[in-house]
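> Sequence:
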Amino acid sequence: MTTKRREAATQSEQKLLRTGAAVLAAATSLTGLSLLTAQSAQAAACEGTTTKIGQIQGSTDTAAVTGPVTVRGVVVSDNEGSSPTLQGFYVQDGGDKDKSTSDGIFVYAPGADRVKAGDEVQVSGTVSEYQGQTQIGSTTAIDVCATGKKVKPTTVKLPLKSADELERYEGMLVKLSQKLTVTEHYLLGRFGQVTVSSGGRLMQPTNVYAPSDPRRAELQAANDLNQLIIDDAANNQNPDPIVFGRDGKPLSATNTLRTGDTVKNATGVLTYTWAGNAASPNAWRLRPVGALNGEAKFKADNDRPKSSKVSGDLTVASSNVLNYFNTFTGCSFGVGGAAADCRGAESAAEFERQKAKEVAALKSLDADVVGLMEIENDGYGADSAIADLTSALNAATKPGTYAYVDVDAAVGTTNAAGDDAIKVGMLYKPAAVKPVKTLVQQDETFERHPLSVTFEQKKGGARLSVVVNHFKSKGCDGATGADADQNDGQSCFNARRTGQANALAGWISDTVVPAAQDKDVLVIGDLNSYAKEDPIQALVAKGYTDMVDREIGSKKAYSYVFDGQSGYLDTALASSSLKSQVKDVEDVHINADEPSVLDYNTNFKSAGQITSLYAPDRFRASDHDPVLIGLKLRK
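Going left to right, the sequence shown walks through residues -43 to -1, 1 to 592 as mature numbering (1 follows the signal peptide of the UniProt record, and there is no 0) numbers them.
None of the hints are false.
Derived BS3-like pairs (lysine-lysine); straight-line CA-CA distance at most 25 Å:
#, residue 1, residue 2
1, K56, K132
2, K512, K118
3, K114, K54
4, K540, K416
5, K499, K476
6, K476, K589
7, K536, K592
8, K391, K592
9, K114, K221
10, K221, K109
11, K540, K320
12, K391, K536
Pairwise CB distance ranges (calculated):
#, residue 1, residue 2, range
13, N212, D442, 35 to 43 Å
14, G565, E122, 37 to 45 Å
15, G51, T568, 48 to 56 Å
16, E4, L115, 36 to 44 Å
17, A174, G89, 21 to 29 Å
18, D298, S95, 44 to 52 Å
No lab work stands behind these hints: they were computed from the structure. For glycine and all other residues, C-beta sits at the position ideal for the given N, C-alpha and C.
Using the sequences and the hints given, assemble the complete structure.
Structure follows, in structure tokens:
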């Protein structure tokens, strides 16, 4: 290219650059004008008189101001969208300098998608109460005034000082920086919620103190102030996925969330409302937030047990098998009894899932003697539930490892174990022991008759009578008079259970011990009574020693979780002659700590969850933990 042509090209390029710069400047000017126009429009929309949110909330549990209002604040949690979202957002202003009033409120705007966390908004609508929560609904204006705003969460701590302490934070962004412990997850699968407490899991007060001890009521009051629900951001039932597993990942059979796991720095909006259904009624809930302030991540602080071993040369287990029925239609109260609703698995497919878990649990215990509760009361034939369970257990170990006691044959009476829909039962290893005497307490005091089997140890010939029980439940249906709830922490039918304990002790001393020709007796089973309740103490008064209390301690031992509190209903009580021969006791925590949604049931689960929430392992085979007792018998 010649010099002139190069100069011409350079001049052309410069002209194009000048033209482009002019166009860009014009565009920038227009963009700036548009931005200024938009900002002006936002400013105009966000002018006018507003009411402080604290003035609306007031210092009580209902709104101090009702009717039409306009508020301005920052969105601290965006939960807009169609159901099952919360269908709105939480907004918080700078406060009214009154520490007794909340500076946050929920804006109910179904179907809207107008804001995001960090937006400063001005909202006009009508104040009302819904399921205990003060909110603004019937909105006439929702305007974004600015973006990118941040709100520092207010620190909240457990335990609370009073039941109404959280009212001043309703609808606000809060943070619990302390380590909190999962103390219940019963509704995790149904509503996506977890209950947490400070200082570890909450214990059942009557597991620690006698009902009449003032400290029992004090502990209950303290427990009531030391729990808070962490809930997901939806109001639907049976969510998929269930967002609260460990490490911020969804729940699954391989990513559980156990009672005893922990969370720290939980941040979210504090609400008082329901979970969308009366089965999870109005309560204080922390709804974790996401990108604005981080979210709750649960950590494994209570690992699944890897093995179950106790010292001694003879092991006995107590295991509640949670309605192990291999009949799905046409059930009855005992053989030939009146028609009864079938319990447990609703289909053959569910039953195979249940069986796999129960067999895995029993196999892992590897006990020489196993007392069973909640097995179908359908006799002892080849098709009975107890025969089915024994056969499956032998298939998982080796043929002949276990046998079951045919109680009807041993006693010579049909339905010897009672005429309830369920019964107690006994399995044993023929290589370790042989049954020499089987007795049943056929007393109408009991819904499910106590079963005593005296075993003779193959090695050494020592004898032991194992008495398995399932006392009356704490349910209040039909409870009257002394059986009604006495408000002492023992719930309903405590008088009946205490009568059962006294009758049991008398029967053992009058019948079991003479027939066994040996005083060594181990009482096991689900007595539906916590450690310091009257039925257990009635047996202690008769000379029995609570071996769970002795070996583990009632302040920390548990086999069951109810209403956010842990304790043991499944026990092991040794006669005075036996207590020195008990070498070890373990509550095997494979069930009570696990979410119930990880069990065998397929109801209310998506096709994906039927697979992802299930494993044919020993975890959540039942709702009660088994008890494993190690003994070294003397002849």
